[in-house]
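Which chain is which? The protein sequence lines are A, B, C and D, in order.
Okay, so the first sequence: first residue is 1 according to the UniProt record's numbering, each after it adds one.
Okay, so the second sequence: first residue is 1 according to the UniProt record's numbering, each after it adds one.
Okay, so the third sequence: first residue is 1 according to the UniProt record's numbering, each after it adds one.
Okay, so the fourth sequence: first residue is 1 according to the UniProt record's numbering, each after it adds one.
Read the hints as simulated data drawn from the structure, not as lab findings.
One should not assume that every hint holds.
[Said to hold, decoys possible] Here are some chain B residues the structure puts well away from chain A; computed CB gaps all over 12 Å:
#1 E82
#2 S208
#3 P306
#4 G313
[Stated by the list, open to error] Only some residues are given here: those of chain D computed to face chain C with a beta carbon under 7 Å:
#5 L28
#6 L66
#7 D155
#8 I186
#9 I210
#10 P212
#11 Q327
#12 V328
If you're wondering where the values come from, they're calculated on a predicted model, not measured in any experiment.
Backbone N, C-alpha and C define an ideal beta-carbon position, used for all residues, glycine too.
4 protein chains.
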Amino acid sequence: MSTIKRIGVLTSGGDAPGMNACIRSVVLTAAAKEIEVVGFSHGFNGLIDGEHRTLLPYHVQHIIQLGGTILKSARCPALHTEDGARTAAGTLHQLQLDALLVIGGDGSFRGAMAIAPFYKGQLIGLPGTIDNDVDGTDATIGYATAIDTALDAIDKIRDTADAFERIFLVELMGRHSGFIALSAGIACGAEQIICPELGLLKKGQLDSVIRPIQHAQLIKGKSSYIIVMAEHCYPGGSTALAADLSEAIGIECRACVLGHIQRGGSPVGADRILATKLGAYAVEQLMQGAHLMMAGEVNHQAGLFPLELTGEGKKNIDPYLLNWQQQVAND
Amino acid sequence: MSTIKRIGVLTSGGDAPGMNACIRSVVLTAAAKEIEVVGFSHGFNGLIDGEHRTLLPYHVQHIIQLGGTILKSARCPALHTEDGARTAAGTLHQLQLDALLVIGGDGSFRGAMAIAPFYKGQLIGLPGTIDNDVDGTDATIGYATAIDTALDAIDKIRDTADAFERIFLVELMGRHSGFIALSAGIACGAEQIICPELGLLKKGQLDSVIRPIQHAQLIKGKSSYIIVMAEHCYPGGSTALAADLSEAIGIECRACVLGHIQRGGSPVGADRILATKLGAYAVEQLMQGAHLMMAGEVNHQAGLFPLELTGEGKKNIDPYLLNWQQQVAND
Amino acid sequence: MSTIKRIGVLTSGGDAPGMNACIRSVVLTAAAKEIEVVGFSHGFNGLIDGEHRTLLPYHVQHIIQLGGTILKSARCPALHTEDGARTAAGTLHQLQLDALLVIGGDGSFRGAMAIAPFYKGQLIGLPGTIDNDVDGTDATIGYATAIDTALDAIDKIRDTADAFERIFLVELMGRHSGFIALSAGIACGAEQIICPELGLLKKGQLDSVIRPIQHAQLIKGKSSYIIVMAEHCYPGGSTALAADLSEAIGIECRACVLGHIQRGGSPVGADRILATKLGAYAVEQLMQGAHLMMAGEVNHQAGLFPLELTGEGKKNIDPYLLNWQQQVAND
Amino acid sequence: MSTIKRIGVLTSGGDAPGMNACIRSVVLTAAAKEIEVVGFSHGFNGLIDGEHRTLLPYHVQHIIQLGGTILKSARCPALHTEDGARTAAGTLHQLQLDALLVIGGDGSFRGAMAIAPFYKGQLIGLPGTIDNDVDGTDATIGYATAIDTALDAIDKIRDTADAFERIFLVELMGRHSGFIALSAGIACGAEQIICPELGLLKKGQLDSVIRPIQHAQLIKGKSSYIIVMAEHCYPGGSTALAADLSEAIGIECRACVLGHIQRGGSPVGADRILATKLGAYAVEQLMQGAHLMMAGEVNHQAGLFPLELTGEGKKNIDPYLLNWQQQVAND
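Using the sequences and the accompanying hints, generate a full structural model.
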C-alpha cells in the first residue's frame, strides 16, 4: 500500500501548451486518491523561495484549455549550486511532501536529479516542452500544438507567397532538433526543409539550398516556394539566409521568424489527452514507488523511463517523410 | 521491378479532412516513380459513369491544407450489384489502370472488394474517415481534425455554459463507436461522457446520467456541466435526452448537435502528416505487388492490413482514460 | 465635478463575447478616475441575493480575450415584481453605489428601468448581445464575434457540402431579427438566406425556397447549396424545413443548428475594441450625470441613447446586401 | 442607360484578405448586369504582358473564404514610365474593355491614374490593403482580418509572456500609419503601444518607453508586459529596441516580428462583407459613369471618393482609445 499523502508539482523551463492540462490531471487524480497537492510557482524558484499554494480540484476547473501555466515557469540558475539544491530539498521536507512532480524538458529533469541527493522523497518527471527532444516518450506535451500553430502561420504565409509568387523562409523553434521543422514542413507542403538532422549550413554555403529552388523554377505553375527551417541551422538564422540567398539568386527572399507564438495558445486535443494521461499515470506510479523516472508514452502505452536518460538525444526524426520530401516535394 | 504504369484514385463515403493531402501524396509519389494517376469523381460513381481526369503534380499544388476532397465523394448504391461492380472493373480495364487506390472507410473498402472478382489489377485502401472505426490503423485520416473541431466548439459552449451555469449535452459524430466522443470528452474536460462502449441508453433510463450530475451539484464551485455523447446512444439523440433530463431533474438542459461541421475544415498537422505518409506508402507497396490491402499506421510504422478485416470492429477505445474520467472528472 | 465614488456593474441576459472586455474597461477607467467598482454575480440576481465583490484592475487582467463573463449572467424573473425591484434598489443603496452599469440586451435594460423608480442613483446600459437587435448603436458587443463563429462553422460545412454535392440548411441565432443570418449568409457566400425581414414561412410554404434551388441546379458547376436561416422562421426550425424540403424536391437536405456555439469563444478585435470604448465612455458619461441612457456607437462615435427606446426594433438590416444577394448569389 | 459591356479587374500591391471576395462580387454583379469580366494576372503586369482570362461566376465559386488573390498581385515598376502606361492602356483598348477596376492601396491607384491619360475607358479603385491607410473609406478590405490575425498571435504571446513573466515587443505591419498597431494593441490589452502618431523614436531614446514599464513594475500582480509597436518606429525595428531596452533596464525583453502572416488567412466576416458591398457598388457606379473614383464605405454607406485624394494621409487613428490606453492600461 502506498504511503503517499502529499505531493508537490511545478512547471519548469520553456512553457508548453498542455502544461495546465497536466497540472489539472495531477490534481484531479490525486484528489481521487486522497492525496494533497502543493503547487510551486516559477519552476524550481518556488521551491527555493518557498512560493507555493495548495491545489484543489476547484483550482484546476476549466484550465484544461488554457495555454501557459497557472504555476508560471522559469529557469532557475540557483539550482545549479549545491546550496540551491539543498534549499529546494529542505522546502520539500518542511512541507512534508512525499514526492515532487516536475513538468518540463530534460533540463528541468536535470534540476530534479540535482535535488535527489538531498531529498528523501520520490521524484517524477513529466515531459512538457514543444521541442519533442526528450527521450522516453514518442511525443512531449505541447509538441502537437506547436506544429499546428506553426502550420496555421505558414498556411497564411502561403496565401501571400502565392499571391506574390515569392520565396519565403520560415524559421521555427526546435533548439537542436528538427522535430517541429520537419513535421510542420511536411504538413504545410514546404518545398524545402532545413533541419539539423540534414546538417547545419555554414555562412555562404548555399548550393544545397539553391539547387532545389532552381529545379522548381523550371517547373511550370510553381507559384510560391516555402523553405521551413529549424533555428540555429545557419549563422544569423533565417534573416541572414534570406539576405544571402536573395543576393545569390537575384530573387527577393523573405524571412519570417515565428518565435514565441509557438509556445502559446490553447492546446490541441492530442496535447490535452497526452497531458491528462501522463498526469494520471504519474500519480499512480508514484503510489507504486516510482522514483527518478519520467512518465512517457510509447506506442500509445504509458510507461516509465529513467530521468537520467531523457536527455541523451537518441530519439530521431522519422527518416521516411524526410526522404520522401526530398524526392517529391519539388515535382 | 514494378510493372505499375497507371493507377486510379478515388475518395468514397463520408468525406474527411486530409483526403486532399492523401490525394496529393499519391500524385506526387507516383510522379516521382513515373506512374500516371487518374482521379475518379464522386467515389465509385466516377468509375461507373466514367467521370475521371488525369492528376498531375500541378493539380495537387496547395491542396494539402484544404478540407473536403477535390475528387468529391459519394455513396454508390450501384456498386452493390454485380452489374455495377463489373462496370466499374470495365472502366479500370479500359483506362489500362494497373491499380486502384480507394480513400475511405470500411464501407468503401467493401466496395473495392466487390470489384475485385472482375478486375485484373491491384486494389489498395487508405483509411479516410473521421470516425476512426477502421481496424488495422491506430488512427484514420480525419480523426484528429474532427476531435479538434469538436473541441473548438465545446470550448465555446463551456464559455456560455459557465456564464449561465447550465447543463449542456453535446452530441458528436461516431456512428457505432465512441472514438470522437471519448477523445473530445476527455480533452474538453467533460463532466460526463456517454458512448456506445459504456452501453446504449434506453428511453427514460436516466439513472446513470443523473447520478453523477447530482454528485457534482453537491460540490461547491461547479459552475457548468457538460455531457459529451456519441450519436445513436439514446432514442431521439441528445435533443430527446436533454428534454427527458430537464423534466427528470427540474434543471434546464440544452442539447447541441455538432453535426457536419465535424467533417469539414482544414486538416490539422497530424492528419496531413498521416495522409502524406500513407499515400506515399500505398504507392510504394503497390509497386511491391500489394493487393486487397489497406495501408495503415500502427505504432508510428506504416504497414499493410487485409481489406476484408478492416470492418471487424476489433479496435477498442482506450479504457484507461475512460476509467479515469469516470473516477475523477466530477471531483 | 463629479460626485461618483462607487459604481456597480453586472452582465445580464444571454452572454456575449466581449462582456469581459467591457467589464475590464469599466474597471480600468473607474480606477483611473478613483472610482470604486462592485461587480454583481448572475445578472440582477446578484442584486437581489446580495452576491457581489469588489473589482480591482488586478481582477480584470488578461480577461479581455476571454469569452463568457467573469460575473456570470442569468435571467432574473424576480425583477419583474415590484418587490424584486425594490430589493435590488435596496442593495444598491446599502452598498452606497452612485450608479449601476448593466451590460446586456434590451430585456436587461428593461430590468434597469424597473429599478429606477426605487433607486436614487444613475443607471446606464451597455449593449452586450450577439443578436444586434438593440437600437441606438450600430453594433452590439458580441455581434461581430458571433458572425465569425458562424462563418467558421459554415466554411466547414461548405467543405463537406461541396465534397458531397449536397443541400445544407444552417440555422443561426437571432431571435426576431436577421442580423446574424444576413451577415453570415453574405459572408459565407450562401446561395439563399431566410430571415424574418424577408417574411416568416408557414408550414409547407416551400415555393420561395425551392425556386432558387431549382434555378441553381440548372447552372453548371454548382456543387453545393447552402441556405442560411435565422431561427424562428419556419415552424419546427431548420430540421423541419430540411425534412419538408427533402420530400418536396426529392434531394436530401440536411439541417445544422449552430446553437450556443455562437455565444462563446474569444471575442474578435472589433468586439474587444467596441467593448473597451463603450465601457470607458459609459464611466465618463456617468461622471457627467448621464442616467437611464445606453452608451452606444453610431458612425464610429460613442454617444448616449435613451434606454427606453433601445427595444423599439427600429434598427433595420442593410437592404443593399440583401437585395444584392437575391439578385446574384445564384448565378 | 449604361453602355458598359466589358470590364477588366486586377489586384495590385500587397495582397490583403478579402481581395478574392471582392473579385467574386465584381464578377457576380457584372454577370447579373450582363457585363463580361476579364481578369488580369500579377497586378498591372498582366496589363503590360497581356496575361488575362475571362472570369465567369463559375470561376469565383467558393473563393469568398480564401486568402491571397486568385489573380495574383505584384508591384509593377514598368507602369511608372509613359511607355508602360501606354502599353497598359493599349491592352485595355485591344480587349475592348469599357472600364478597369483596380483592387489595391493608394500606390495602386496612382498606377491607375498613370494609365488614365492614354485610356478612353473608366477607371475605378477598390481599397484592398491591410494597412487601412487609404482616405475615403473608414476601413480598407483586409484591415479587419489583419487585426484579428495579429490578435491571435499576441494572445498566444500573452500566454507565454505570462507564464514566464517577461517583456515582449510585438512588431506589426502598417507602413507609415499605426492603424493595425493601435487596434491590435487596444484589443490585446497591450501595456504599451508605439505608433507613428505618437512620434517615431530615435536610437537610444528610451525614456518614454521605460517610464511606463517601471510604473507597471511597481504594481502587484503584473505578470507580463506587452508592447505593441508599428514597424518603422525605431531604427532597426523591434529587434533593436528589445536589445537596447534589455540593456537599459536589465530585464530581458524579447522581440517578435509578425511579418507576412498578417497578409494571409481566410478573411473575417467584416472583410468579406465590405469586399462584397464595394465590389457590387463599384460595378453599379461604373454603369452610372463613375471615373477616377474609389468606391469606399463611410459611416456604413458606400460612396465614391476621388482617386487622387486617396493617398493624402488625412485619415487619422481614433485619438479616444489611444488616450484611454495611455491613461489606464498600466493600472
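Against the structure, the hints:
1. E82: holds (39 Å)
2. S208: Per Cβ check, S208/B is outside 12 Å of chain A; nearest 19 Å; holds.
3. P306: holds (22 Å)
4. G313: Given a closest Cβ separation of 18 Å, the condition holds.
5. L28: Since the shortest Cβ distance to chain C is 4 Å, the answer is holds.
6. L66: Hint on L66/D: violated, closest Cβ of chain C at ~10 Å, above 7 Å.
7. D155: Cβ of D155/D sits 5 Å from chain C, so the hint holds.
8. I186: This interface hint holds because 6 Å falls under the 7 Å limit.
9. I210: violated (21 Å)
10. P212: Constraint on P212/D not satisfied, violated at 14 Å.
11. Q327: holds (5 Å)
12. V328: The hint holds - V328/D has a Cβ within 7 Å of chain C, the shortest such distance being about 4 Å.
In this structure, the hints that do not hold are numbers 6, 9 and 10, in rising order.
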